[in-house]
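Required output: the full structure, derived from the provided sequences and hints.
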Amino acid sequence: MRRVVIIGTGQAGRRTAEALRELDPAAEILLLGAEPHPPYDRPPLSKAVLLGSNPGNALFVRAPGFYAEKRIDLRTGTRVEAIDPAVRCVLTEAAEAIAYDSLVIATGAQARRLALPGAEDPRVMTLRTLEDAEALCARLADRPRIAVVGGGLIGLEVAASARQRGCPVTVLEAADRLMARCVPPVISAMAAELHRRHEVVLHLGCALRSILPRSFGLVLDAGAVQLEADLVVVGIGGVPNIALAEAAGIAVQDGILTDGQGRTSHADIYAAGEVARFPHPFFGRRVRLEAWQVAQNQPAAVARAICGQAGDYDEIPWHWTDQFDWNLQVLGDPDPSFELIQRPSEGARLTAIALDGEGRARGAVLINNGRDATPCRRLLAGGKQLDAVLLRDPAVPLRQFL
Amino acid sequence: MAEWHRVAAEEELKPETPLGIRVGEVQIALVRLEDGIFAVNDVCTHEYALLSEGYCEDGKLECPLHQACFDIRTGKALTEPAEVDVATYPVKVEGGAVFVQV
Chain A
4 MRRVVIIGTG QAGRRTAEAL RELDPAAEIL LLGAEPHPPY DRPPLSKAVL LGSNPGNALF
64 VRAPGFYAEK RIDLRTGTRV EAIDPAVRCV LTEAAEAIAY DSLVIATGAQ ARRLALPGAE
124 DPRVMTLRTL EDAEALCARL ADRPRIAVVG GGLIGLEVAA SARQRGCPVT VLEAADRLMA
184 RCVPPVISAM AAELHRRHEV VLHLGCALRS ILPRSFGLVL DAGAVQLEAD LVVVGIGGVP
244 NIALAEAAGI AVQDGILTDG QGRTSHADIY AAGEVARFPH PFFGRRVRLE AWQVAQNQPA
304 AVARAICGQA GDYDEIPWHW TDQFDWNLQV LGDPDPSFEL IQRPSEGARL TAIALDGEGR
364 ARGAVLINNG RDATPCRRLL AGGKQLDAVL LRDPAVPLRQ FL
Chain B
142 MAEWHRVAAE EELKPETPLG IRVGEVQIAL VRLEDGIFAV NDVCTHEYAL LSEGYCEDGK
202 LECPLHQACF DIRTGKALTE PAEVDVATYP VKVEGGAVFV QV
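Protein chains in written order, with the working numbering: chain A, 4 to 405; chain B, 142 to 243.
These are calculated hints, taken from the structure and not from any lab test. All values reported here derive from a predicted model rather than from experimental measurement. Cβ coordinates follow ideal geometry from the N, Cα and C atoms, glycine included. Hints should not be assumed to be uniformly reliable.
Covered by chain A, per the in silico footprint, the following chain B stretches (three or more residues, Cβ under 8 Å) [said to hold, decoys possible]:
1) 189–198
2) 201–210
3) 213–224
No farther apart than 30 Å at their CA atoms in a straight line, the calculated lysine-lysine pairs in the DSBU-like style are these [to be verified]:
4) B:K201 to A:K387
5) B:K217 to B:K233
6) B:K217 to B:K201
7) B:K155 to B:K217
8) B:K201 to B:K233
9) B:K217 to A:K387
10) B:K155 to B:K233
11) B:K201 to A:K50
12) A:K50 to B:K217
13) B:K201 to B:K155
14) B:K217 to A:K73
15) B:K233 to A:K73
Covered stretches of chain A, as calculated for chain B (at least 3 residues, CB under 8 Å) [as the list claims (entries may be wrong)]:
16) 322–332
17) 373–384
Below is the structure:
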């Protein structure tokens with residue numbers, strides 16, 4: 004009987020445990036995590052939780068009795084301090100040595116901090132954990148003036164939620180457009196319009212230099228722009244939690260380097276979820292993806308590897324964000340260098356498909372048009388050359404191109 | 142006490158093209174499949190979204206927001222992020238009209 008130890012009780016850790024149980028009814032499965040809660044999904048933190056419409060038990064996905072029923076030994080509040088690959092064990096904060104046959108590192112990422120003067124002030128927050136979200140939610144009740152640093156997904160979701168709670172909100176983004184890492188410029192412009200329509204003040208191309216803590220608030224100095232806020236929320240990306248792996252001599256490079264099934268440079272040690280940097284067939288290179296989809300499904304490939312089964316993780320990349328009345332979904336890689344075919348439909352819905360130089364769909368962006376996600380995914384997977392003129396006609400259904 | 146409500150004309154329902162309707166406070170997605178017309182609760186059990194605005198294929202409805210899939214005949218939640226099934230309602234067709242029991 005194999006004993007599998009999983010470090011990290013986030014979504015990827017939970018999914019690894021579940022997938023393993025499906026494949027191996029006999030395995031001993033230990034799920035260890037520093038967080039005090041059972042595994043929960045993070046997407047609602049910046050939306051439902053901040054809006055105060057607490058999703059409650061749904062946040063935890065599984066019922067309290069689930070882990071015992073599946074014979075998953077869930078140990079919350081158990082921080083792992085070290086991995087010793089030579090003797091195949093992990094050492095916890097409480098100095099307990101736990102032996103493994105296979106080890107899965109699913110330590111996720113943490114919010115990147117601002118490395119600026121004044122950033123250590125307690126009124127400067129990040130959003131990553133349930134505690135972060137609950138603390139921020141509580142503070143929004145007084146309708147503080149909010150400055151969001153970073154116009155990416157988290158920053159804009161926080162901006163939308165805080166605005167909906169009645170707070171005055173300003174977003175500072177260093178790039179010249181919003182969500183620059185995941186959507187083409189024309190979509191960024193639409194997102195800017197959405198936020199301005201909801202009275203979010205946007206400063207693009209605006210790099211923060213320092214935060215001056217004052218008794219009356221925080222003064223943000225961004226060169227040409229100076230502003231006062233009561234609360235600063237920093238959303239400038241994630242940093243993978245690789246310290247444990249690195250200290251154990253496992254190969255890392257902005258993530259733990261793995262193959263398509265999560266195998267690291269060390270035998271019997273795997274990485275799952277957003278901490279892993281793995282070769283993705285869609286991109287044709289190694290990527291590290293911070294997305295619900297990867298945390299949900301890449302662990303199944305890891306579980307297969309542990310059980311001696313083949314099958315790389317190879318889904319068409321997909322992620323979503325919900326901001327105000329927008330549901331935005333991004334599939335594949337809508338790189339700004341591609342031609343973007345826009346297919347608008349009634350009710351301000353949009354499907355935009357990015358074609359490469361050979362007319363193959365490489366990415367798609369959907370605004371309130373989720374019914375096109377499945378056909379778009381198939382277009383991206385099919386790799387067929389598409390007729391741009393025909394595709395530009397929204398009256399021609401996408402099914403016709405499959 | 143559940144009652145029958147006339148909700149649509151039969152000819153309004155094209156194959157695998159969901160129709161969102163409302164009976165009082167209850168939102169319902171009606172779908173014609175090869176073996177008949179089925180009715181499920183239109184609201185995704187994960188987050189608020191109308192399943193009738195999603196993609197429909199192979200007897201399944203896909204939530205337009207987060208791609209959770211439901212079996213139209215049984216209401217069963219087939220894929221995450223949804224964990225909870227949607228309700229189903231009895232359907233009958235009489236004289237070219239579709240009735241749902243709610």
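Tested hints:
1. 189–198: holds (count 5)
2. 201–210: holds (count 6)
3. 213–224: n = 3 at 8 Å, threshold three: holds.
4. B:K201 to A:K387: Given that 30 Å is the threshold and the Cα spacing comes to 26 Å, the pair holds.
5. B:K217 to B:K233: Holds, at about 21 Å.
6. B:K217 to B:K201: Status holds; Cα separation ~10 Å.
7. B:K155 to B:K217: Given that 30 Å is the threshold and the Cα spacing comes to 22 Å, the pair holds.
8. B:K201 to B:K233: Holds, at about 20 Å.
9. B:K217 to A:K387: 34 Å, violated
10. B:K155 to B:K233: Distance of about 16 Å is within 30 Å: holds.
11. B:K201 to A:K50: The given pair, whose Cα atoms are some 28 Å apart, holds under the 30 Å limit.
12. A:K50 to B:K217: 26 Å, holds
13. B:K201 to B:K155: 15 Å, holds
14. B:K217 to A:K73: 21 Å, holds
15. B:K233 to A:K73: Between K233 (chain B) and K73 (chain A) the Cα gap is close to 41 Å, so the pair fails against 30 Å, i.e. violated.
16. 322–332: holds (count 3)
17. 373–384: holds (count 6)
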